[in-house]
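Peer 1: The residues making up each chain are set out below.
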Amino acid sequence: MKHPSLLIGAVIAAMAGACAPQPTPGVVPRTLIHSSGKLKPVDSRLAVRVGDRAPDFTLPAVSGKSITLSDYRSRKNVILTFVPAAFTAVCSAQWPGYNLASDVFARHDAVMLGITTDNIPSLHAWTGLMGELEFEALSDFWPHGKVAESYGVLRSDGTAERALILIDKQGVIRWIDVHDINVRPPLEELAAALEKLPR
Amino acid sequence: MMLGAAVLLVAGCASDGGAGATGSTASQAQFLRTNADVAVVDFFDMYCHSCQTAAPHVNDLHALVQKRGLGSRIAFYAVGWGNTAMEADLYRTRFDVPFPVIPDRDLTISSRYGKFRPPLLIALRREGGGWKEFYRTTDPTASPEAILDKIRP
Numbered sequence: 000m001k002h003p004s005l006l007i008g009a010v011i012a013a014m015a016g017a018c019a020p021q022p023t024p025g026v027v028p029r030t031l032i033h034s035s036g037k038l039k040p041v042d043s044r045l046a047v048r049v050g051d052r053a054p055d056f057t058l059p060a061v062s063g064k065s066i067t068l069s070d071y072r073s074r075k076n077v078i079l080t081f082v083p084a085a086f087t088a089v090c091s092a093q094w095p096g097y098n099l100a101s102d103v104f105a106r107h108d109a110v111m112l113g114i115t116t117d118n119i120p121s122l123h124a125w126t127g128l129m130g131e132l133e134f135e136a137l138s139d140f141w142p143h144g145k146v147a148e149s150y151g152v153l154r155s156d157g158t159a160e161r162a163l164i165l166i167d168k169q170g171v172i173r174w175i176d177v178h179d180i181n182v183r184p185p186l187e188e189l190a191a192a193l194e195k196l197p198r
Numbered sequence: 000m001m002l003g004a005a006v007l008l009v010a011g012c013a014s015d016g017g018a019g020a021t022g023s024t025a026s027q028a029q030f031l032r033t034n035a036d037v038a039v040v041d042f043f044d045m046y047c048h049s050c051q052t053a054a055p056h057v058n059d060l061h062a063l064v065q066k067r068g069l070g071s072r073i074a075f076y077a078v079g080w081g082n083t084a085m086e087a088d089l090y091r092t093r094f095d096v097p098f099p100v101i102p103d104r105d106l107t108i109s110s111r112y113g114k115f116r117p118p119l120l121i122a123l124r125r126e127g128g129g130w131k132e133f134y135r136t137t138d139p140t141a142s143p144e145a146i147l148d149k150i151r152p
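From first to last, the protein sequence lines stand for chains C and D. If you use numbering that gives the first Met the number 0, the first sequence corresponds to residues 0 to 198, in order. If you use numbering that gives the first Met the number 0, the second sequence corresponds to residues 0 to 152, in order.
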């Protein structure tokens with residue numbers, strides 16, 4: 000090799016790579032979590048009400064699918080879970096828990112759709128670190144936050160609220176919880192709303 | 000109805016975390032009500048994926064304790080950090096936790112052991128009429144044998 004220093008550099012780089020701490024599968028390393036501090040609890044104005052027809056949308060999913068809300072019409076109740084942003088503290092400790100609630104959702108013939116305003120590559124990296132989510136994670140990145148805005152849950156900084164919206168099989172909104180962005184919504188409230196869905 | 004079921008679970012299923020304990024969602028009043036010499040406390044958050052990953056490992060540690068005949072001397076509790084009754088119970092059911100699971104939504108129990116985020120596993124031993132922590136790990140996925148060596152009464 001003409002430049003032995005290049006070889007030495009390559010060896011050092013390879014050794015450094017081998018020794019770097021590898022993330023545990025299914026765990027978002029705490030060093031990658033952005034602390035947003037205490038935020039204004041709600042920073043948007045709802046554009047929909049209980050009883051309204053849910054605004055339809057089609058969004059790309061991390062899975063590579065394209066998901067259209069109205070495709071669930073007559074088949075499934077739908078829970079939309081908007082969260083503010085990938086790689087933030089509360090959000091990283093919200094979606095993985097819904098995997099454990101999948102039986103509760105299934106009992107009510109409901110599917111969950113997760114939505115953030117992040118782009119697909121960011122969502123891919125974040126959800127990949129969280130392990131396998133048992134629901135579709137959708138990107139409302141472009142046109143930026145259009146779906147969040149249609150529901151009135153787009154914050155002034157371009158992130159989404161921490162909001163849960165329950166839509167029945169007829170496409171009608173049955174329950175809305177725009178939660179304090181700093182706090183994870185308790186599962187009991189969503190479960191109670193599912194219980195009230197028409198059978 | 001769901002809420003009512005969760006409340007009933009909390010009210011009605013308290014059990015000792017020692018020998019013969021079966022998994023149940025227990026009330027906070029049941030925490031450390033045991034005749035065992037050592038209490039292992041697994042702090043989890045149902046929403047935290049690393050806690051979900053750790054759950055089978057803590058079950059393995061519990062099984063090893065039973066297998067070594069130490070079940071009456073080492074009690075186990077799982078405490079749901081920030082979790083409601085329903086959330087803690089979903090965790091118990093999903094991972095078939097064989098010892099009492101206690102919801103701790105307001106961190107009443109968890110805050111006694113400092114400021115932390117789960118997963119966290121600690122061991123306490125009796126001292127001066129109370130309990131004193133003598134072991135702590137943020138990696139409950141470590142070998143059960145290695146952990147047992149450190150917490151054995």
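Treat the hints as calculated values from the structure; they're not laboratory data. There may be inaccurate statements among the hints.
Claimed, not checked - Ranges of calculated distance between the beta carbons of each label pair, as one might list FRET restraints: (1) D:K114 <-> C:D108: 37 to 43 Å; (2) C:D179 <-> D:D138: 30 to 36 Å; (3) D:L63 <-> C:R48: 33 to 39 Å; (4) C:D102 <-> D:Q65: 26 to 32 Å; (5) C:K168 <-> D:L106: 48 to 54 Å; (6) D:S142 <-> C:W141: 45 to 51 Å; (7) C:D42 <-> D:L106: 45 to 51 Å; (8) D:D36 <-> C:R48: 57 to 63 Å.
Here a beta-carbon is modelled for each residue, glycine too, at the ideal position from N, C-alpha and C.
Peer 1: Does each hint hold? Answer for all of them.
Peer 2: Tested hints:
Against the hinted window of 37 to 43 Å, the Cβ-Cβ separation of D:K114 and C:D108 comes to about 41 Å, which satisfies the hint. Between C:D179 and D:D138 the beta carbons are some 32 Å apart, a value that agrees with the proposed interval 30 to 36 Å. A hinted range of 33 to 39 Å for the beta carbons of D:L63 and C:R48 is inconsistent with their spacing of about 55 Å. For C:D102 and D:Q65, the hinted distance range of 26 to 32 Å is satisfied, since their beta carbons lie about 28 Å from each other.
Between C:K168 and D:L106 the Cβ separation comes to about 39 Å, which falls outside the hinted range of 48 to 54 Å. At roughly 47 Å, the beta-carbon separation of D:S142 and C:W141 lies within the given 45 to 51 Å, and the hint holds. Distance hint check for C:D42 and D:L106: the Cβ-Cβ separation is about 27 Å, which falls outside the suggested range of 45 to 51 Å. Under the hint 57 to 63 Å, the C-beta atoms of D:D36 and C:R48, about 59 Å apart, fit the expected range.
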